[in-house]
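Please construct the entire structure, taking both the sequences and the accompanying hints into account.
Under the numbering used here, the first residue of the sequence shown is numbered 359, with each subsequent residue one higher.
Heads up, a few of these hints could be off.
Said to hold, decoys possible - Straight-line Cα separation of at most 20 Å, DMTMM-like style, residue types lysine to aspartate or glutamate; simulated pairs:
| hint | residue 1 | residue 2 |
| --- | --- | --- |
| 1 | K434 | E449 |
| 2 | K433 | D510 |
| 3 | K525 | E547 |
| 4 | K446 | D580 |
| 5 | K599 | D531 |
| 6 | K525 | D497 |
| 7 | K512 | D546 |
| 8 | K520 | D497 |
| 9 | K599 | D580 |
| 10 | K433 | D546 |
| 11 | K587 | E629 |
| 12 | K434 | D560 |
| 13 | K599 | D560 |
| 14 | K433 | D580 |
| 15 | K494 | E542 |
| 16 | K446 | D515 |
| 17 | K434 | E423 |
| 18 | K521 | D560 |
| 19 | K520 | D546 |
| 20 | K587 | D560 |
| 21 | K520 | E547 |
| 22 | K434 | E424 |
| 23 | K433 | D515 |
| 24 | K433 | E423 |
| 25 | K433 | E422 |
| 26 | K520 | E490 |
| 27 | K433 | E449 |
| 28 | K521 | E547 |
If you are wondering where the hints come from, they were derived from the structure by calculation, not from laboratory data.
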Amino acid sequence: MLIQAQILRSRLNPPRPGNGSCSSGLMPILSRAFLALLCPLLFLSCAKEERHGSSTNYPVYQYEEEGLTLLSVLKKAPLTFAGGALPKSAESVGMMAMAASPVNSIAFSIGQCTGWLIERNLVATNSHCITEEIAKAKDCGPTLAIKFPRRDSKGVDTYSCKKLLRKSDISGDALIQPDWAFFEISADEQLPLRISRFGVADETPLRSVRVDPTGGGSLGGDISEAYCKAVQNSVLNFGFKQNYSPTALAFGCSVMHGNSGSPIFNATTGEVVGIAQAFLTDNFMATANKGMESLGLKYPSSPPPHILFTNLS
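Encoded structure:
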């Protein structure tokens, strides 16, 4: 981990000015440089798509065939890029498969999210994508995996989780609660994405790279891009009031379930500034209505597309 720490430390931008300290209760396995990032953030199978509750922000698929594993389903699942030539940055963005039910049976459920490389062997995603099955498992390998659009020199594009490192507590107000998780994989060839620690200013041009579920009742994804901009002081997120707020809002990017965990880039610098965690649903209507009522305004019946994301500053 010392070598990994030195590599990661050299990649991260210097933190913003000021005196800050990380909690002493963090796991010892995490390097100082990794803590520097964590500190400010304080399925041929019979498959069908399940209906999921409002608290589940990703698609879930049910598989029923003897001998299937989460990894075998993910290896066979298609992952394509429909926009022509694959952008270099998209090579480090992958389709995640997560156990949404016990995997030691013929029938089990698989959820789908997006993840990306923050280091050659470290994946960043959302905390809400780390299911109860993953969190309570002694070995995350059978319950969590990620597939990238390019194979390495050994012909490998799909990796099981080696170790779940850390996930944020997402209890409380979803509009202001950072939603992040990091896990380790056995990969060493894919290039990680560059990170910015300098915050997100109002009207910053942003770019979203994510994996869209292909539908049809089984696991599969298309990598897509979308452009939008950051908007501060919105009635949808009163918490985004300055560049270093824990969560931020982007208007103009249409999103869907399955995009959770995807990187949000500064479109000008090409650096990742956030992790997509939600889009407007009924869960956020009450907060928005309350804010607009105080201004004498009526909430729009067709709100503009937006992404709520964790600020990596």
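Discussion item. Need the status of pair K433, E422: alpha-carbon distance at most 20 Å?
Written reply: holds (17 Å)
Item to complete: Starting from K521, check that the Cα of D560 is at most 20 Å away, please.
Response: violated (36 Å)
Worksheet item: Does the structure keep K434 and E424 at a Cα separation of 20 Å or less?
Response: Holds: K434 and E424 sit about 16 Å apart, inside 20 Å.
Worksheet entry | Holds or violated: K520 to D546, with C-alpha atoms at most 20 Å apart | OK: K520 and D546 at ~13 Å, within 20 Å.
Discussion item. Check the hint pairing K520 with E547 against an upper bound of 20 Å on the C-alpha distance.
Written reply: holds (16 Å)
Worksheet item: Given the proposed pairing of K446 with D515, does the C-alpha separation stay at or below 20 Å?
Response: Holds, because 16 Å separates the two Cα atoms, which is no more than 20 Å.
Discussion item. Against the 20 Å threshold, does the CA-CA distance of K433 and D580 hold or violate the hint?
Written reply: Since the Cα atoms of K433 and D580 sit roughly 15 Å apart, the hinted pair holds (cutoff 20 Å).
Worksheet item: Within 20 Å, alpha carbon to alpha carbon, are K520 and E490?
Response: Roughly 17 Å separates the two Cα atoms, so the pair holds.
Worksheet item: Holds or violated: K433 with D515, Cα cutoff 20 Å?
Response: holds (8 Å)
Worksheet item: Regarding the pair K434 and D560, is the alpha-carbon distance no greater than 20 Å?
Response: Between K434 and D560 the Cα gap is close to 42 Å, so the pair fails against 20 Å, i.e. violated.
Fill in: Pair hint outcome, K587 versus D560 [Cα-Cα no greater than 20 Å]
Between K587 and D560 the Cα gap is close to 8 Å, so the pair holds against 20 Å.
Item to complete: For the pair we were handed, K512 and D546, check the Cα-Cα distance against 20 Å.
Response: holds (11 Å)
Hints 3, 9, 12 and 18 from the list above are not met by this structure, while the remaining hints are.
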